[in-house]
Amino acid sequence: MLPVGELKRGTALILDNEPYVVTAFEFVKPGKGQAMYRTKLRNLVTGAVIEKTFRSGDSFEPAHLDQREAQYLYREGDSYTFMDNQTYEQFAISEDILGDAKNYLIDNLPVEIVFFRDKPIGVQVPNFINLRVVKCEPWTKGDTSGSDSKPATLETGFVLRVPPFINEGDLIQIDTRTGEYLSRVKE
Amino acid sequence: MEINWRLARRRKALWARAAIVQAIRRFFIERDYLEVETPQRIPAPAPESHIDAIPADGWFLQTSPELCMKRLLAAGYPRLFQLAHCWRVGERGSRHLPEFTLLEWYRVEADYHELMEECEELLPYVARAVDLSDQLVYQGKAIHLAAPWELVSVKEAFARYAHLSMEEALQRGLFDEVMVQDIEPHLGIDRPTFLYDYPAVRGALARLCPNDPSVAERFELYIGGLELANAFSELTDAEEQRARFVSEEAYRRSLGKQPYPLAEKFLQELSNMPPAAGIALGVDRLVMLLVNAATIDEVVAFTPEEL
Numbered sequence: 001m002l003p004v005g006e007l008k009r010g011t012a013l014i015l016d017n018e019p020y021v022v023t024a025f026e027f028v029k030p031g032k033g034q035a036m037y038r039t040k041l042r043n044l045v046t047g048a049v050i051e052k053t054f055r056s057g058d059s060f061e062p063a064h065l066d067q068r069e070a071q072y073l074y075r076e077g078d079s080y081t082f083m084d085n086q087t088y089e090q091f092a093i094s095e096d097i098l099g100d101a102k103n104y105l106i107d108n109l110p111v112e113i114v115f116f117r118d119k120p121i122g123v124q125v126p127n128f129i130n131l132r133v134v135k136c137e138p139w140t141k142g143d144t145s146g147s148d149s150k151p152a153t154l155e156t157g158f159v160l161r162v163p164p165f166i167n168e169g170d171l172i173q174i175d176t177r178t179g180e181y182l183s184r185v186k187e
Numbered sequence: 188m189e190i191n192w193r194l195a196r197r198r199k200a201l202w203a204r205a206a207i208v209q210a211i212r213r214f215f216i217e218r219d220y221l222e223v224e225t226p227q228r229i230p231a232p233a234p235e236s237h238i239d240a241i242p243a244d245g246w247f248l249q250t251s252p253e254l255c256m257k258r259l260l261a262a263g264y265p266r267l268f269q270l271a272h273c274w275r276v277g278e279r280g281s282r283h284l285p286e287f288t289l290l291e292w293y294r295v296e297a298d299y300h301e302l303m304e305e306c307e308e309l310l311p312y313v314a315r316a317v318d319l320s321d322q323l324v325y326q327g328k329a330i331h332l333a334a335p336w337e338l339v340s341v342k343e344a345f346a347r348y349a350h351l352s353m354e355e356a357l358q359r360g361l362f363d364e365v366m367v368q369d370i371e372p373h374l375g376i377d378r379p380t381f382l383y384d385y386p387a388v389r390g391a392l393a394r395l396c397p398n399d400p401s402v403a404e405r406f407e408l409y410i411g412g413l414e415l416a417n418a419f420s421e422l423t424d425a426e427e428q429r430a431r432f433v434s435e436e437a438y439r440r441s442l443g444k445q446p447y448p449l450a451e452k453f454l455q456e457l458s459n460m461p462p463a464a465g466i467a468l469g470v471d472r473l474v475m476l477l478v479n480a481a482t483i484d485e486v487v488a489f490t491p492e493e494l
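Protein chains in written order, with my numbering: chain A, 1 to 187; chain B, 188 to 494.
Incorrect hints may have been included.
Result set (DSS-like, lysine-lysine): computed pairs, CA atoms no more than 30 Å apart in a straight line [stated by the list, open to error]:
{"id": "1", "chain 1": "B", "residue 1": "Lys-444", "chain 2": "A", "residue 2": "Lys-8"}
{"id": "2", "chain 1": "A", "residue 1": "Lys-52", "chain 2": "B", "residue 2": "Lys-328"}
{"id": "3", "chain 1": "B", "residue 1": "Lys-444", "chain 2": "A", "residue 2": "Lys-52"}
{"id": "4", "chain 1": "B", "residue 1": "Lys-452", "chain 2": "A", "residue 2": "Lys-32"}
{"id": "5", "chain 1": "B", "residue 1": "Lys-199", "chain 2": "A", "residue 2": "Lys-186"}
{"id": "6", "chain 1": "A", "residue 1": "Lys-150", "chain 2": "B", "residue 2": "Lys-328"}
{"id": "7", "chain 1": "A", "residue 1": "Lys-40", "chain 2": "A", "residue 2": "Lys-102"}
{"id": "8", "chain 1": "B", "residue 1": "Lys-199", "chain 2": "A", "residue 2": "Lys-135"}
{"id": "9", "chain 1": "A", "residue 1": "Lys-40", "chain 2": "B", "residue 2": "Lys-328"}
{"id": "10", "chain 1": "A", "residue 1": "Lys-150", "chain 2": "B", "residue 2": "Lys-199"}
{"id": "11", "chain 1": "A", "residue 1": "Lys-8", "chain 2": "A", "residue 2": "Lys-135"}
{"id": "12", "chain 1": "A", "residue 1": "Lys-52", "chain 2": "A", "residue 2": "Lys-102"}
{"id": "13", "chain 1": "B", "residue 1": "Lys-342", "chain 2": "A", "residue 2": "Lys-32"}
{"id": "14", "chain 1": "A", "residue 1": "Lys-102", "chain 2": "B", "residue 2": "Lys-452"}
{"id": "15", "chain 1": "B", "residue 1": "Lys-444", "chain 2": "A", "residue 2": "Lys-32"}
{"id": "16", "chain 1": "B", "residue 1": "Lys-342", "chain 2": "A", "residue 2": "Lys-52"}
In short, the hints are calculated from the structure, not lab data.
Required output: the full structure, derived from the provided sequences and hints.
Spelled out as structure tokens, the structure:
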């Protein structure tokens with residue numbers, strides 16, 4: 001058993017003999033009251049999502065998952081195909097299991113596929129990924145403060161806020177854990 | 188190297204934060220409050236079941252400046268305020284930082300009703316400093332700051348919003364859970380709400396209501412679902428306070444928490460403290476509200492993760 005303070009998004013756990021993964025996680029604490037962790041959990045077998053509140057002091061049973069190195073190949077509708085780097089076996093994974101990872105999938109991207117009892121239940125992309133800006137408004141004249149932001153569309157279709165000095169065609173680094181712009185990559 | 192954009196983009200929020208802090212100071216100075224700075228590292232924090240202090244070289248970083256402020260009240264200072272950094276172990280979420288800023292103010296010969304009125308004056312005063320009128324928008328919802336604000340007792344709030352009564356929730360150990368899940372989201376929605384008269388067991392350092400000792404004269408202020416402040420008609424009965432500290436400390440130790448020494452000087456001097464009321468308001472959350480920030484990260488210069 002592990003203390004509930006170690007729960008985070010992506011943690012897999014066993015609850016009433018069923019495996020779940022944490023899909024949303026929030027620390028809450030009413031005035032002078034006990035700290036709680038409000039979570040949303042996706043059942044790894046049925047796909048059903050439940051809400052569960054843990055209290056500080058609670059513990060949980062981690063689920064044992066396998067991870068395999070793979071790379072992204074292609075997409076067909078809402079199905080994404082990956083290849084196991086060791087066995088060359090291919091897997092199709094649906095969009096709802098991918099979650100935010102779908103925002104970062106470019107050809108041949110190295111990923112880790114997470115399996116529970118031989119069933120793929122999630123995809124982990126690298127923490128930092130460089131992606132090209134395919135669409136954004138030009139530089140706003142007069143703004144040199146660096147404090148404002150504008151939307152930019154990346155080659156994967158993902159839209160995020162970037163500083164005003166970013167232009168179409170720039171390569172930028174993203175933190176995939178937060179989905180935020182980090183820096184412009186010099187080429 | 189490119190500038191750190193995460194820090195740079197908070198420029199607007201940090202300017203607003205500075206204006207808010209300056210307005211807070213002006214508000215209390217105009218009302219004859221003395222601003223004090225009490226030590227942030229103290230030997231004996233007030234024992235509270237669910238608030239843990241960070242050990243610091245044999246002493247502790249304060250979880251609030253409350254005990255030092257009250258010792259000053261007991262020494263004859265009638266009106267005090269402080270803007271203080273405070274620390275609490277493990278509190279990190281979209282509305283929590285383990286190091287945060289509290290505004291505390293204390294007034295002798297006053298009770299919690301008078302603090303409610305002061306809140307009703309303070310918020311519009313500070314809002315004007317960031318060019319807001321009596322109406323503000325927080326996360327898409329309009330909130331009217333003009334007094335009078337909504338008053339809901341804790342008991343009424345359970346009856347209104349929860350599936351079980353306050354008494355049942357206490358008995359079954361569900362008070363906090365129901366508060367967070369079923370009650371707080373409804374508070375302070377179109378105007379601020381004072382949630383008041385807590386069950387005596389949740390009274391902390393508040394005095395019991397003279398007409399009804401089952402409740403403590405404590406309120407929490409909620410605006411836009413954000414818990415902004417906690418206030419008491421202060422307990423001045425030193426014996427009662429000592430008994431509450433001893434029992435809280437025993438409970439803390441039974442959970443294996445870091446033991447605190449008893450705050451002896453505070454307990455001894457408390458008998459000199461005149462009737463008074465005091466309140467702690469989270470400055471970071473006040474800034475969140477007034478700049479319409481969804482998370483506390485957006486209103487501080489640095490989060491711990493950015494250090």
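Hint check:
no.: 1; hint: B:Lys-444 x A:Lys-8; result: 24 Å, holds
no.: 2; hint: A:Lys-52 x B:Lys-328; result: 27 Å, holds
no.: 3; hint: B:Lys-444 x A:Lys-52; result: 26 Å, holds
no.: 4; hint: B:Lys-452 x A:Lys-32; result: 24 Å, holds
no.: 5; hint: B:Lys-199 x A:Lys-186; result: 29 Å, holds
no.: 6; hint: A:Lys-150 x B:Lys-328; result: 24 Å, holds
no.: 7; hint: A:Lys-40 x A:Lys-102; result: 20 Å, holds
no.: 8; hint: B:Lys-199 x A:Lys-135; result: 26 Å, holds
no.: 9; hint: A:Lys-40 x B:Lys-328; result: 25 Å, holds
no.: 10; hint: A:Lys-150 x B:Lys-199; result: 16 Å, holds
no.: 11; hint: A:Lys-8 x A:Lys-135; result: 33 Å, violated
no.: 12; hint: A:Lys-52 x A:Lys-102; result: 26 Å, holds
no.: 13; hint: B:Lys-342 x A:Lys-32; result: 17 Å, holds
no.: 14; hint: A:Lys-102 x B:Lys-452; result: 60 Å, violated
no.: 15; hint: B:Lys-444 x A:Lys-32; result: 16 Å, holds
no.: 16; hint: B:Lys-342 x A:Lys-52; result: 25 Å, holds
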